[in-house]
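There are 2 protein chains.
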Amino acid sequence: MIEGHGDDIYAFDVEIVSNFSTNIFPCRNVGLERYLHDRIPTIYNYPSPDGRQLRRLIAAYENVEQQSVIVTSGAVEAIYLVATAFGHHCMVVAPTFSEYADASLSAGKTVEFTMDLTHIPADVDMVWICNPNNPDGRVFDIDELTAIISRHPEVLFVIDQAYEDYTCSELMHSSVAMEMENLILIKSLTKKFALPGLRIGYIIASGVLIKQLSSRLRPWMVNSLAVEAGIYCFSHLNEFKPDASALCREREMLAEKFDRCGITCHPSNTNFMLCRLPFGKAIDLKKYLLQEYGFLIRECSNFHGLDERYFRIAAQTHSENESLIKAIESWLRQL
Amino acid sequence: MIEGHGDDIYAFDVEIVSNFSTNIFPCRNVGLERYLHDRIPTIYNYPSPDGRQLRRLIAAYENVEQQSVIVTSGAVEAIYLVATAFGHHCMVVAPTFSEYADASLSAGKTVEFTMDLTHIPADVDMVWICNPNNPDGRVFDIDELTAIISRHPEVLFVIDQAYEDYTCSELMHSSVAMEMENLILIKSLTKKFALPGLRIGYIIASGVLIKQLSSRLRPWMVNSLAVEAGIYCFSHLNEFKPDASALCREREMLAEKFDRCGITCHPSNTNFMLCRLPFGKAIDLKKYLLQEYGFLIRECSNFHGLDERYFRIAAQTHSENESLIKAIESWLRQL
Numbered sequence: 001m002i003e004g005h006g007d008d009i010y011a012f013d014v015e016i017v018s019n020f021s022t023n024i025f026p027c028r029n030v031g032l033e034r035y036l037h038d039r040i041p042t043i044y045n046y047p048s049p050d051g052r053q054l055r056r057l058i059a060a061y062e063n064v065e066q067q068s069v070i071v072t073s074g075a076v077e078a079i080y081l082v083a084t085a086f087g088h089h090c091m092v093v094a095p096t097f098s099e100y101a102d103a104s105l106s107a108g109k110t111v112e113f114t115m116d117l118t119h120i121p122a123d124v125d126m127v128w129i130c131n132p133n134n135p136d137g138r139v140f141d142i143d144e145l146t147a148i149i150s151r152h153p154e155v156l157f158v159i160d161q162a163y164e165d166y167t168c169s170e171l172m173h174s175s176v177a178m179e180m181e182n183l184i185l186i187k188s189l190t191k192k193f194a195l196p197g198l199r200i201g202y203i204i205a206s207g208v209l210i211k212q213l214s215s216r217l218r219p220w221m222v223n224s225l226a227v228e229a230g231i232y233c234f235s236h237l238n239e240f241k242p243d244a245s246a247l248c249r250e251r252e253m254l255a256e257k258f259d260r261c262g263i264t265c266h267p268s269n270t271n272f273m274l275c276r277l278p279f280g281k282a283i284d285l286k287k288y289l290l291q292e293y294g295f296l297i298r299e300c301s302n303f304h305g306l307d308e309r310y311f312r313i314a315a316q317t318h319s320e321n322e323s324l325i326k327a328i329e330s331w332l333r334q335l
Numbered sequence: 001m002i003e004g005h006g007d008d009i010y011a012f013d014v015e016i017v018s019n020f021s022t023n024i025f026p027c028r029n030v031g032l033e034r035y036l037h038d039r040i041p042t043i044y045n046y047p048s049p050d051g052r053q054l055r056r057l058i059a060a061y062e063n064v065e066q067q068s069v070i071v072t073s074g075a076v077e078a079i080y081l082v083a084t085a086f087g088h089h090c091m092v093v094a095p096t097f098s099e100y101a102d103a104s105l106s107a108g109k110t111v112e113f114t115m116d117l118t119h120i121p122a123d124v125d126m127v128w129i130c131n132p133n134n135p136d137g138r139v140f141d142i143d144e145l146t147a148i149i150s151r152h153p154e155v156l157f158v159i160d161q162a163y164e165d166y167t168c169s170e171l172m173h174s175s176v177a178m179e180m181e182n183l184i185l186i187k188s189l190t191k192k193f194a195l196p197g198l199r200i201g202y203i204i205a206s207g208v209l210i211k212q213l214s215s216r217l218r219p220w221m222v223n224s225l226a227v228e229a230g231i232y233c234f235s236h237l238n239e240f241k242p243d244a245s246a247l248c249r250e251r252e253m254l255a256e257k258f259d260r261c262g263i264t265c266h267p268s269n270t271n272f273m274l275c276r277l278p279f280g281k282a283i284d285l286k287k288y289l290l291q292e293y294g295f296l297i298r299e300c301s302n303f304h305g306l307d308e309r310y311f312r313i314a315a316q317t318h319s320e321n322e323s324l325i326k327a328i329e330s331w332l333r334q335l
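Protein sequence lines, in the order shown, are assigned to chains A and B.
Position 82 (the first sequence) corresponds to 82 in the working numbering; numbering is contiguous.
Position 207 (the second sequence) corresponds to 207 in the working numbering; numbering is contiguous.
Hints were generated in silico from the structure; no laboratory data involved.
Ideal placement from N, C-alpha and C gives every residue a C-beta, glycine not left out.
One or more hints might be untrue.
[Unchecked claim] Pulled a few chain B residues facing chain A out of the computed Cβ check, cut under 7 angstroms:
no.	residue
1	E33
2	Y46
3	L225
[Claimed, not checked] From the structure, some residues in chain B lie toward chain A, with a derived Cβ separation under 8 angstroms:
no.	residue
4	E3
5	R28
6	V30
7	G31
8	H37
9	I43
10	Y44
11	P47
12	A103
13	R199
14	L213
15	S215
[As the list claims (entries may be wrong)] Cross-link-like lysine-lysine pairs, in silico, DSSO-like; alpha carbons within 30 angstroms at most:
no.	chain 1	residue 1	chain 2	residue 2
16	A	K257	A	K241
17	B	K257	B	K287
18	A	K281	A	K326
19	B	K286	B	K326
20	B	K326	A	K109
21	B	K109	A	K211
22	A	K326	A	K257
23	A	K109	B	K211
24	B	K326	B	K257
When you get a sec, could you build the whole thing from the sequences and use the hints?
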């Protein structure tokens, strides 16, 4: 899907004052900017075909062998690569990020949606899971998830952990993925280091899976400046770690206030959550907030399984969140 | 193919004094560097999913409609996209860039190689042509090429014009491509603006072809800084145009001197050419030049159809070229 994603600030002429549409915690890093400035001349040479320096750092960070890591041009390219290489009939745990289904369909696979991960039909050979899930921010219970994967050795599970740094809940460890022959993890520097512009993601998988994926790689998937930024970030981890518990508290505060306005908030374990208006359309709320306040939210009617009342909010700073509540209250009042 | 490409300066610990391995004319641009520096904060936001600002500029440059252009993460991604979307049995005009065959094979297609474009077997439904061709730099006669494409409306022709700015010979115009329903053009900012690190390429095709390709796109294929660099380059074209005729003259001078050493040089219409040693192995010459002089050349034995004596040279500055000749002469003497 090319159009219809959140964080679409490029699409508007008005100045964005606060971006609640992104579920990435803003985290400007002057050290990184300075480093990138010094590395601009890398544009004049080919990057290594497999982003090897970055790959080495990621492997060390994840505590896995270097050959278990594939660096991709954003998590989305990882999704498309995996969708092309594996599966015939895929199951997608919905509502979720649209690209799992889109990538599978464009690779000629068939897709079914479910809201119940515990029941996997016999004809499903691949399951896409976003954990924490986008758009609602919920985290699957780790023991339950591990048990399901173990119970279905004939099914390939692909877990997209792009949002792993935005939760305090326990997630799948890479070391566990290394021991399972039917599990692929996808991660994202977009979320981890708040760098959506650079397009860097990676895949972690064991033996046969990573070999099959590697045989399909094109050279130079990640550009020089993206590789350089990744090198800086993994070498300065302490500068980037978001305070997940503070972010979750802010989201909880928003949920309480929304609840008082009659807006239903789905349970979340992250900084973002899925909300449903008591009446009206989220697209109209989006337009109003943008025009009147310069606030951008993520309208969610194009997620499979959601209707026109749904929107997603990612908590920003406390004062931005307070302003958002007031703005939404005033929109609801005038309806 | 991940390993085995030229311009592999990242793979060596020795300092590269002159890079004859790249067929990109070096063209450092201070204005671009300054612009990129100012645009570093774009890393904090998603780029537009289809690189729309850059797409608009490319369409204007090529004098085609915006919807006839797809911006990709380097010409290599364009090649993989086209290989996945079209053809069953492909013909590759060899020796040439390895990725046409690799991309077709990895998409599950079959491939045959030919050195004779005038004979297209009945079971071939897609033909890959690199024009100017890598590694030899030859340019197909434009009238002959157009006639072949017109004579085979059932065959899809994909012409990679990545090196179009390095020749004075006439090539296929985008406006002609727009009128042919069986032609796709691939181009590269890597070559046009000497920016291999950034990974920007594009596809030009008409109606049905571009629609089929567009349905397979993933969002955010090109990163923010690459889009920004592209915007700068297409807005400052006069800063980048290489002097193709001067480059070709330097290559001719090299060819004459090589000839005197017994090295065979294939005909070329560009700044680079394919050479064959009278004896010895190109891999040994590569090692010698690297260790003794810090000169990098492209050993070509891994091109389909070429043996261990082949290497590719791209002309650099006159004094660098003179030094290279002396270095090769001294290697030949000691054999």
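Hints, verified against the model:
no. : hint            : verdict
1   : E33             : holds (5 angstroms)
2   : Y46             : holds (4 angstroms)
3   : L225            : holds (5 angstroms)
4   : E3              : holds (7 angstroms)
5   : R28             : holds (6 angstroms)
6   : V30             : violated (10 angstroms)
7   : G31             : violated (12 angstroms)
8   : H37             : holds (5 angstroms)
9   : I43             : holds (4 angstroms)
10  : Y44             : holds (6 angstroms)
11  : P47             : holds (6 angstroms)
12  : A103            : holds (7 angstroms)
13  : R199            : holds (4 angstroms)
14  : L213            : violated (11 angstroms)
15  : S215            : holds (7 angstroms)
16  : A/K257 / A/K241 : holds (27 angstroms)
17  : B/K257 / B/K287 : holds (21 angstroms)
18  : A/K281 / A/K326 : holds (18 angstroms)
19  : B/K286 / B/K326 : holds (14 angstroms)
20  : B/K326 / A/K109 : violated (58 angstroms)
21  : B/K109 / A/K211 : holds (20 angstroms)
22  : A/K326 / A/K257 : holds (10 angstroms)
23  : A/K109 / B/K211 : holds (20 angstroms)
24  : B/K326 / B/K257 : holds (10 angstroms)
Of the numbered hints given earlier, the model fails hints 6, 7, 14, 20; all others are met.
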